[in-house]
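*Asks:* The listed protein sequences correspond, in order, to chains A and B. Per the numbering used here, residue 304 is the first one in the first sequence, and the count goes up by one each step. Per the numbering used here, residue 304 is the first one in the second sequence, and the count goes up by one each step.
FYI, nobody ran anything at the bench for these hints, they're computed from the structure. Be aware that a few hints might be false.
Claimed, not checked - Using C-beta positions, here's what the derived DEER-type ranges look like:
hint: 1; chain 1: A; residue 1: A560; chain 2: B; residue 2: D593; range: 22 to 32 Å
hint: 2; chain 1: B; residue 1: G415; chain 2: A; residue 2: G415; range: 11 to 21 Å
hint: 3; chain 1: B; residue 1: R564; chain 2: A; residue 2: E556; range: 26 to 36 Å
hint: 4; chain 1: B; residue 1: K665; chain 2: A; residue 2: R667; range: 32 to 42 Å
To be verified - The list that follows gives simulated cross-link-like pairs (lysine-lysine, DSS-like), each with its CA atoms no further than 30 Å apart:
hint: 5; chain 1: A; residue 1: K383; chain 2: B; residue 2: K383
hint: 6; chain 1: A; residue 1: K383; chain 2: B; residue 2: K409
hint: 7; chain 1: B; residue 1: K383; chain 2: A; residue 2: K409
hint: 8; chain 1: A; residue 1: K409; chain 2: A; residue 2: K647
hint: 9; chain 1: A; residue 1: K651; chain 2: A; residue 2: K409
hint: 10; chain 1: B; residue 1: K409; chain 2: A; residue 2: K409
hint: 11; chain 1: A; residue 1: K383; chain 2: A; residue 2: K647
hint: 12; chain 1: B; residue 1: K409; chain 2: B; residue 2: K383
Keep in mind it's a predicted model, so treat the numbers as computed, not measured. For glycine and all other residues, C-beta sits at the position ideal for the given N, C-alpha and C.
If you want the building blocks of each chain, they are given just below.
There are 2 protein chains.
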Amino acid sequence: MKAENRAEDLAADQERLLKVDAKLPRIRDVARVAGVSTATVSRALSQPDLVSAETRAAVLAAVAETGYRMNLAARNLRRKQTGSIVVLVPHLSNPFFSLILSGIAKVASEAGLNVLVADTREPDGADRQIAEYLYNNRSDGLIVLDGNLTEAMFSGDDRKGRPPVMFACEWVEDYDQPAVTVDNRHGARLAVEHLIALGHRHIGHVAGPSDNVLTRQRAGGFRDALAEAGLPTVEHWFIQGDFTLRSGVAAAERWLALDDRPTAVFCFSDAMACGFISQLNRRGIRVPDDVSVVGFDDIDIAAHLIPPLTTIRQPRALIGETAAALLLQLMRLPEMREDAAAMKQMGKILPLELVVRDSTAKPRRAP
Amino acid sequence: MKAENRAEDLAADQERLLKVDAKLPRIRDVARVAGVSTATVSRALSQPDLVSAETRAAVLAAVAETGYRMNLAARNLRRKQTGSIVVLVPHLSNPFFSLILSGIAKVASEAGLNVLVADTREPDGADRQIAEYLYNNRSDGLIVLDGNLTEAMFSGDDRKGRPPVMFACEWVEDYDQPAVTVDNRHGARLAVEHLIALGHRHIGHVAGPSDNVLTRQRAGGFRDALAEAGLPTVEHWFIQGDFTLRSGVAAAERWLALDDRPTAVFCFSDAMACGFISQLNRRGIRVPDDVSVVGFDDIDIAAHLIPPLTTIRQPRALIGETAAALLLQLMRLPEMREDAAAMKQMGKILPLELVVRDSTAKPRRAP
DNA sequence: CTGAAAGCGCTTACAG
DNA sequence: CTGAAAGCGCTTACAG
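Required output: the full structure, derived from the provided sequences and hints.
*Replies:* Below is the structure:
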């Protein structure tokens, strides 16, 4: 690092800052300022362990001085990556996914990756989209939030060379890919135990589609909690739903039609709880005065409903962050994908939390 | 195009299709199959007018045969683009934006561009994000959906070399950038005229923040429509809101506290209408039996509220598509950005539509 | 209308 | 631990 050179460089930098249309600093500029080769700059930035502490410091200083930002297109081209991960979502307009997506985006953007979001329930269909991303090397990795995709879409005899797949929230059963989930069974228990603790003995539930993994787990937890408290599972207090607001509205009509109405209802999604409560309200039934309602998810609107909804909070941002972080691991270690045992270890089950608000209360006439 | 070569190529292609980890076809492969140079393939794909019809057809056939898909990282590197546009949204979790974003994503992905979405109300702040994207060449263009950013963030003496900016929905007043908007004034008139046609003579409104462009325009249309019908603007029937559900709840309490309640209320957003109706419902007031309510936006949930909401539909997907299409134009024609007159022409005002559902009816006691 | 060739800004065996 | 050099897959003046 000769002194004169440094002075010249600084003058050049000044000029560069004034003229915006001047070129942005490249790795070569950093190398010149730091007095090393571009290869060393590249290493100092991407694999710091490979260079000496001294060199590393010089490079970092040069980066700061020049305001260098890596050109990702160049890196991706050289590394034969796309620089993008793709998220497959069942319904993009469902507010449940917003925080998950922003969690994914956060982790991905820190890693210099773009996030592309595709709706699997869009007209062009899930099959085509998956084929597009999985077979055509348009992405470095996939996060799948839709458990209703069939295993056949992913499997096939030519697994190698395909980007890794990470499931989150939902997953495809009998398909041994890692997934970031919550303990849905436990969440359902939390909901029911809360209602029992309040004194409820007549508890119904509004479920999701029967072929859905989440439905099955939550229904299991629901039954377990009742059984443990010595309460029977009353079959006609089971109401079929599909997680949507609209099905919550329909569920309310079903509840109204019952001769022996349960004093509390556990809805498997906040959206259904919302529709359920609104429709009951319309028919003159008050929550929680006449019936207690617990939701599941803790979507943004849950705290602002009338009444504010008691629900099971899913750590949505964390789910997204975790799924993205694990996917990044998988992307970095291609050999790991061949190791079935390691893959099974990889999944994470994240904690769930009961959030008590105003939609639950003691039953009016305690038994 | 020698016959033997073609046969060899086909064999090679077969092999390639079997081995997934084999390399994807590059422009060179297409050139070989079509019997032209890579330069010609590039032109045939990007600027078809520059090659003969015959050549074009040969190239297209070769593309189909090889299954060629362009490597965008390479193109972007060569063209010195980022291949991304950035969308700045005030609140990502607001469902109003979902369809706008998918409209943007549709147009952008057809043009081979990534879409990055950033929330301007996030902790890291709008200023930093704009600086990041505007000054640091991390994107080829910006779509801004937040009119509350100050002009100062965008202006400055070094406009050239910066990516173009397109506003949508909202915009920054006194800053002559093109914007894709709706005629908010007209939308408000549609709402009020509908209520008047139903027989209402006592009409209030729940507005957005007073410094918001949308609020100002809608309030103007509201007053105009009343004036035209010879109805007075009753000042204490104006209720301040901020577009959120929560403020709709508060507005309901304000309405309940009035001695002379208006028989109809025009809410400047569906979210506020939703909160307003829910809270009234809670207090035993029925919509539309006791009071008619009109919203604005037609968000997804509007049709599923109880009652289904009469509202002013914004063509959200179209807003997104149009904003993206215009931004693409701007990106292709950098010289246009210097032409103030052309820039002013560029904006679009999209049509609004009254959607009559069940939240509005004749006033109970017609005057 | 077409081709040969340079080069976008990185990374990474390879050699030392 | 470091550097010289090749090359990722495109595009685009330039020359014909």
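*Asks:* Does K409(A) sit within 30 Å of K651(A), going by the straight-line distance between their CA atoms?
*Replies:* Holds - the C-alpha atoms of K409(A) and K651(A) are around 19 Å apart, at most 30 Å.
*Asks:* Does the hinted range 32 to 42 Å hold for K665(B) and R667(A) at CB?
*Replies:* holds, 38 Å
*Asks:* Would you check the hint for K383(A) and K409(B), treating anything up to 30 Å between C-alpha atoms as holding?
*Replies:* Distance ~25 Å between K383(A) and K409(B) Cα, so the pair holds.
*Asks:* Can the restraint linking K409(A) and K647(A) be considered satisfied, given a maximum Cα separation of 30 Å?
*Replies:* With Cα atoms ~25 Å apart, K409(A) and K647(A) stay inside 30 Å; holds.
*Asks:* Next pair to validate is K409(B) with K409(A); report whether the Cα-Cα distance is within 30 Å.
*Replies:* holds, 22 Å
*Asks:* For the pair we were handed, K409(B) and K383(B), check the Cα-Cα distance against 30 Å.
*Replies:* Answer holds: K409(B) to K383(B) is near 23 Å, not above 30 Å.
*Asks:* Compare the distance between the alpha carbons of K383(B) and K409(A) with 30 Å, and conclude whether the hinted pair is satisfied.
*Replies:* Since the Cα atoms of K383(B) and K409(A) sit roughly 25 Å apart, the hinted pair holds (cutoff 30 Å).
*Asks:* Return holds or violated for the Cβ distance of G415(B) and G415(A) against the range 11 to 21 Å.
*Replies:* Once the Cβ atoms are compared, 19 Å apart, the range 11 to 21 Å for G415(A) and G415(B) holds.
*Asks:* Is the straight-line distance between the alpha-carbon of K383(A) and that of K647(A) 30 Å or less?
*Replies:* With Cα atoms ~28 Å apart, K383(A) and K647(A) stay inside 30 Å; holds.
*Asks:* Compare the distance between the alpha carbons of K383(A) and K383(B) with 30 Å, and conclude whether the hinted pair is satisfied.
*Replies:* This hinted pair holds, its Cα atoms lying about 18 Å apart.
*Asks:* With 26 to 36 Å as the target window, see if R564(B) and E556(A) comply at their CB atoms.
*Replies:* At roughly 31 Å between Cβ atoms, E556(A) and R564(B) fall inside 26 to 36 Å, so the hint holds.
*Asks:* Hint says 22 to 32 Å; check whether the CB-CB distance for A560(A) and D593(B) agrees.
*Replies:* holds, 27 Å
Hint compliance for this structure: every hint is met.
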